[in-house]
Every structure is written in structure tokens, then in C-alpha cells.
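Work the whole structure out from these sequences, hints included.
Listed below, chain by chain, are the residues.
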Amino acid sequence: MSGAVRVAVLDYGAANMVSITKALAAVGADVAVVSEPAGLADVDAVVVPGVGAAGSAMSHLQERGLLEPLRDWVRAGKPCLGICLGYQVLFESSAEGDVATLGVLSGRTEELVDAPTLPHIGWNSVNAVRPHALFDGIADGSYFYFVHSYAPVPTDERIVLARTTHGRPFVSAVASGRTFGLQFHPEKSSEAGLKLLSNFMGLVAPASGVERG
Amino acid sequence: MLARRVIPCLDVDKGRVVKGTKFLNLTDEGDPAELAERYAREGADEIVFLDITAAHERRGTMLEVVRRAASCAFVPLTVGGGVRSVDEMRDVLRSGADKVSFNTAAVATPELLTACAERFGSQAVVCAIDARRLPVRDGETQCWEVVTHGGRRATELDAVAWAQRVVELGAGELLVTSMDRDGTHSGFDTELLAAIATRVRVPVIASGGAAGPDDFVAAVRDGKADAVLAASIFHRRMHSIASVKAAMAAAGLPVRPIEETLS
Chain U
224 MSGAVRVAVL
234 DYGAANMVSI
244 TKALAAVGAD
254 VAVVSEPAGL
264 ADVDAVVVPG
274 VGAAGSAMSH
284 LQERGLLEPL
294 RDWVRAGKPC
304 LGICLGYQVL
314 FESSAEGDVA
324 TLGVLSGRTE
334 ELVDAPTLPH
344 IGWNSVNAVR
354 PHALFDGIAD
364 GSYFYFVHSY
374 APVPTDERIV
384 LARTTHGRPF
394 VSAVASGRTF
404 GLQFHPEKSS
414 EAGLKLLSNF
424 MGLVAPASGV
434 ERG
Chain R
192 MLARRVIPCL
202 DVDKGRVVKG
212 TKFLNLTDEG
222 DPAELAERYA
232 REGADEIVFL
242 DITAAHERRG
252 TMLEVVRRAA
262 SCAFVPLTVG
272 GGVRSVDEMR
282 DVLRSGADKV
292 SFNTAAVATP
302 ELLTACAERF
312 GSQAVVCAID
322 ARRLPVRDGE
332 TQCWEVVTHG
342 GRRATELDAV
352 AWAQRVVELG
362 AGELLVTSMD
372 RDGTHSGFDT
382 ELLAAIATRV
392 RVPVIASGGA
402 AGPDDFVAAV
412 RDGKADAVLA
422 ASIFHRRMHS
432 IASVKAAMAA
442 AGLPVRPIEE
452 TLS
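Chains as they are written, first to last, in my numbering: chain U, 224 to 436; chain R, 192 to 454.
In case anyone wonders, no lab produced these hints; they're calculated from the structure. We put the CB at the ideal spot given by N, CA and C, even for glycine. Watch out, some of these pointers could steer you wrong.
Unchecked claim - Partial chain R-side listing against chain U, Cβ under 8 Å, derived:
1) 192
2) 266
3) 289
4) 314
5) 315
6) 364
What the hints assert, rightly or not - Covered stretches of chain R (chain U as the covering partner; in silico rule of three or more C-beta atoms under 8 Å from a C-beta of chain U):
7) 278-287
8) 388-399
Spelled out as C-alpha cells, the structure:
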């Protein structure tokens, strides 16, 4: 890899920007916090963080003029990592407030089914459905930190990388070409999380040869 | 399967970790960010900072503590103490905290929980409930009363009913402390924990009374707690997070294994 990977972390009013930016920096990224479309001009990858409600996330993206640029970015096959709410909004709609979301991945975000506790808060194991370089060096079943009540239900099973069980199993990681989504927070998941972010950096480095799907 | 969490709690006064007995005889125990990073490395599943700084001495020192901790400890951080408005909560979250815990402020202005949950999501809103046992009259079941101000003020609120109420108001997690057991090292009040945990759907964090690993097991097995918090037994190195997790795992409870990268 020549030079640091330039990563834009979208700031659309999501509360905690410190952890994700520091975690990305810890694995060698050149991180820019971006709150307007111009910030996307000069970067290699976009990270969409976030906790909170889907509706307010969509309106904040809209207010800052980031909605269409983000959709275009993903549709152009450029590297994108959605985390938690940032993962959910990649899909078409969310049952949380019944709102339309970005729609770059097909499926709908639904409330967790039969969950013994809601929100689902804590460390839970992420079980691989198929191997992927995003999880290189991370043991199958490793624990990651979750904080959510909803999760996407992808239409296309082929994008599913991993599932996690809380009540019934839900999809906790997806990859579609260079679009990645994680229901858990790698920036809050200690060593396993940093390893995953490091893998992401490797996958999105400009010289990397990951094929587009 | 969702792991049961082990959470060290750090009391912070004017930007430094302190320890003492019931807010008295405070001694400086070090830098909060350094201690948080160490606990994260030792396998802590989350860190709670309890700001005990007197109101008139607060000048954003806690925000700086959180910012530094979030820069080196990549585990969830919760801040309790002193947050009384949506804007103050926003500042704490933007500094790198994931959750804010409300205690006295929730009793004084319960609608604050709702306002914060609507703005940041209920997963970020923890309600701390300090409870004390009430005398049991013949034929009646045990009840607990909510207390505030470190146990010095009674509220006449029934702890179980209050727990159900704050969940309806928007709290996404409850931090339940037995004031009868706090600082006594006589074990958690598992009856109190179970009374609450079986009546709410949100996770319950047990607090107050930890003496050793067996108490953590009891808090989860008998108290139905999702997470267990302790302060002095970790700070004083009486027990390690590893030994607590080993006891929990041996009892068949799901815990996140401590990472192999641990040196």
C-alpha cells in the first residue's frame, strides 16, 4: 500500500464521531470528518457511522446535501462502509418510523424478532456465512459490540457475510462488491474491531484488486 | 449468544480517578483515560465513568476525559453524573461516550429521559436506580425505595414501579444499585435485581456489593442481570476481570473471551 488510505467519515449529526475517527486513525487511515458533499471529492472510501433513528438520519443527510452524493458514490461502486444505522440506511426502507432509506442495497430494515431484550446491547458472536477478506485473521464466532433494535433483512442472500443470534438470527455483516455493512460497532469492539477496520483499509486501498460485484 | 458484560466503574473527580468510602477520604488513583485503556486491554466489556465532581467545580473536565478515553480505549463508554439537559448529553456523546446515565436528574425531571431518547435513541439513555430495602410487614412482599443524592434522600418511589416507568419514558438500560450493599462487599441484592429484570425488557446492569467472582455469577444467574458493574474490587486488584470472567464461564454463563492479543 502506498500512502495512507483517505477515508471520509460522514458527520450528519450522529452523536459519537470520536471513536470511529480514532479507530480508523489507529489502523493507519488518513481520516477526514465530512459534513458536506465537497468533502467526498478527495477520498478513497466513505464510512457512514451512526446510532439513532433512521428517519432523523435520513433528514440530516438530506439537510446537508449528502443524500444524493452518497447514493451516487455507492452506485458508482466506490468503497463504502456502513456501521449500525449507517448500515441500515443502505437498504430500501426501515420499519423504524416506516421511512424510505438510500436503497443502494435491496431489502428492508425490521425490528429484531423474538429478542429476549431490546435494545440488543452488548457483545455478541458474529458467525460467518461465507469467508471474506473483511474477516481475515478474525476467528469465526468472535464477539463484537452491538447497540440496536433493528437490523436489515437483505433480499439477496448472496451479500450476507455473517449472522448473529439474539432471539432469532439476523444479518450482522454484508458485502456487495465494495459496499460493506456491519450491524455491530467495530470502533467499539476492541482488538477484533480494529482488525476488521484494518482489513477494510486493505480492501479499499486504491491499488487493491478487489473485484466489483 | 449475547455475552454477559463485566464493567469496571471509575469515579472521576476534577478529571482524576479517585477512590474513597462514600465520597469521603478521596485518594488520587490515576488518569481516567489510562485506566480505561488498561481495563479495555484486560478484557472489560465496557467502562463507566461516574463524575463525582461538585457542580461548581465542573468546567468541561469530564468532556476532555471522555475525549481522551475514547481515543485509546475502543470499548463502549458510559458517563454518569452531572448531565441535566439534552444539550449536555449531546456534548458528552460528541466527546466520545456511547451512553449517558441519569440518576437524580431522572427523578427530578423524568421527561428528560424521553427528550434524550427521542434525540439520541433509547440505547444511549441509561437510568441509574439507587434502591434501598424497606421493612417487610407480615405477609407482605419485599419492596425497595428509590433514593437519590448518594442515598441521602428518600423519594417514596417504589423501585420496581419506577424501573417500569423509566423504561416507558425511554430508558434503554437500567443500572440498578443496592444502597444496602454498596461498599459492603456482601454480594449483590439479587432479589432486587430479579424483581426489576423480570419486569422490564431492557438490559439490567447489577451494581453494589461485589466482593468476588461468585457474586458476579449470582447477579446473572439469580438476579437475571445482563451485566455486572464493580469498582473497588478491580481498582484494588482484589480480583481481575479475567478471574471474574473465568468464574462466569465455569458457571456456564456466556462471556466474551479475553483476547489473545492481551500481553
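Results of checking the hints against the structure:
no.	hint	verdict
1	192	holds (6 Å)
2	266	holds (6 Å)
3	289	holds (6 Å)
4	314	holds (4 Å)
5	315	holds (7 Å)
6	364	holds (6 Å)
7	278-287	holds (count 5)
8	388-399	holds (count 3)
When each numbered hint is compared with the structure, no violation occurs for any of them.
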